[in-house]
Amino acid sequence: MRWAHEALAVFVREWRAEWRTRVALSSVVLFAVVALVLIALSLRDKTGIVVDSDARPSVAAALLWVILFFTAATGLGRAFVQEEERGTALALRLMARGTAVWTGKFAANASLLLGLAALTTPILIGILETPVKSMNLWLLVCVLSLGCVGIAAVFTMTSALVAQASVKGGLLAALSFPILVPLLLAGVHGTKAALGVGNPQGFFAPGTGDLQVLVSYAIVAVTTSLMLFDFVWND
Amino acid sequence: MATFAKYLLGVWVAACVAGTFLWLREVPTFPDPQLARIVALHLPNAMVVMVASIMAGAFGWRYLTRGRRPLDDARSKTAAVLAVLFCLLTTVTGSVFAKVQWGAYWNWDPKQICIFILLLIYAAYFVLRGGIEDPDRRGTIAAVYVLFAAVMTPLLGYVVPKYLPSLHPANTRFDAQYHLVIWSMTAGLLGLYSWLFNLAVRQERAQLALDELAFEGDF
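Sequence lines, in order, name chains E and U. Okay, so the first sequence: first residue is 1 according to the working numbering, each after it adds one. Okay, so the second sequence: first residue is 1001 according to the working numbering, each after it adds one.
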């Protein structure tokens, strides 16, 4: 019970500190806006959207996951870097167990990424004028939320590693990408299915295999991180 | 004794290469039956990559759990360096094979993707190591990353073939001749790997001792 209390306290503190400056929040939102505007400008010419209407769901799925991955790389890296820079890591070590700290940070990252996905996805679908009739909304919500949870778990772990290194910027994406490939593949495939590729009625069934992959990935990522995090934290 | 082992290893690997070129039969089921022999150069390298990756992870685990001895970190790093070396050899032999049999050096085949991602992981691993000054922190962080990657990457083997078509022949049945050459070559390359590993670890051990002496000399 104490563990849950500690994790919750870290989560609340994370958002409270974020709300004071709103650095991560605004940088992530701005990044997403810039990416979306760039996509909208580059996929348009005088005749309208240059992508064939059959290909739009696939293009939307691919671009959505590219945006999610890189926004995560810009926004979620702060989690442990800040503690080292401000010198607050020691106080946090005294206050809570390693696994509770990881869980609180992970929950904060996951909620940030989920909010971002909820903001980005409808805009991207609107920009690409993807047919909404063949879309399965529930499948889309399940795939995206599970994907965000998995991405947040991996980035929380890698940002704890990167916080110790002198080069931080590009390293986070380089460390996380190879580990995230299975999740990204399943996420793109599931999003395509949810947007109606090879599935004109928008059924749920074509995406269940992807959901299985995403669920097992998230479970493995969270468990491994919890087991390994103590080695990084209590040093 | 050591010199004898080195000569034996040289003769052994040379015999394997000669066997690959002169003794192995062509395989009519491949588009280019003559060049199917490349398998005997490709597969043993991939097996050494697997052994080296497992050793990098195992020594990382030993570093974390058995009192963080610098030598275990050095062993883990050496295994990773050699894994990259044999990874590159596997990629090159595999690309040549893919070119002559399937028409392109790179096909985004699941196994090609897996080996490419393994290379990416090791590249990130060495950049991460390069970015940390303190040797103790470096050892810990590197070991945690190697273990994290070691747990997450086997998922690739299950996930990637689910989404992408494969050109690698499934359930190939090698005949006895191919088995003999491939396994002898694997044994030879593993011998070469352990020799390189041993040399590099001895050098690391000497370096560690030297650093300690220099550290004591400061006071």
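Treat the hints loosely; a few may be bogus.
Claimed, not checked - Below, a sample of chain E positions facing chain U; criterion: calculated Cβ distance under 8 Å:
#  : residue
1  : Gln164
2  : Ala174
3  : Pro206
4  : Leu211
5  : Val215
6  : Ile219
7  : Val222
8  : Leu226
9  : Leu228
10 : Phe231
11 : Trp233
Said to hold, decoys possible - Listed next, with one range per pair, are the computed distances between beta-carbon atoms:
#  : chain 1 : residue 1 : chain 2 : residue 2 : range
12 : U       : Val1017   : E       : Asn234    : 47 to 53 Å
13 : E       : Gly48     : U       : Tyr1163   : 29 to 35 Å
14 : U       : Met1050   : E       : Asp230    : 24 to 30 Å
15 : E       : Gln212    : U       : Leu1022   : 30 to 36 Å
16 : E       : Glu129    : U       : Leu1196   : 40 to 46 Å
No lab work stands behind these hints, which were simulated from the structure alone. Ideal Cβ positions, reconstructed from N, Cα and C, are used throughout, including at glycine.
Taking the hints in turn, this is what the structure says about them:
1. Gln164: 5 Å, holds
2. Ala174: Check passed: Cβ of alanine 174 of chain E comes within 4 Å of chain U, closer than 8 Å.
3. Pro206: 13 Å, violated
4. Leu211: 13 Å, violated
5. Val215: Result: violated, 12 Å to nearest chain U Cβ.
6. Ile219: Nearest chain U Cβ about 11 Å off; hint violated.
7. Val222: Not OK, violated: valine 222 of chain E not within 8 Å of chain U, min 12 Å.
8. Leu226: Check failed: Cβ of leucine 226 of chain E comes no nearer than 12 Å to chain U, outside 8 Å.
9. Leu228: 5 Å, holds
10. Phe231: 5 Å, holds
11. Trp233: 10 Å, violated
12. U:Val1017 x E:Asn234: 47 to 53 Å: 51 Å, holds
13. E:Gly48 x U:Tyr1163: 29 to 35 Å: Holds - the Cβ-Cβ distance for glycine 48 of chain E and tyrosine 1163 of chain U, about 31 Å, lies within 29 to 35 Å.
14. U:Met1050 x E:Asp230: 24 to 30 Å: 28 Å, holds
15. E:Gln212 x U:Leu1022: 30 to 36 Å: Once the Cβ atoms are compared, 50 Å apart, the range 30 to 36 Å for leucine 1022 of chain U and glutamine 212 of chain E is violated.
16. E:Glu129 x U:Leu1196: 40 to 46 Å: Given about 57 Å between the Cβ atoms, the range is violated.
Hint compliance for this structure: hints 3, 4, 5, 6, 7, 8, 11, 15, 16 are broken, all remaining hints hold.
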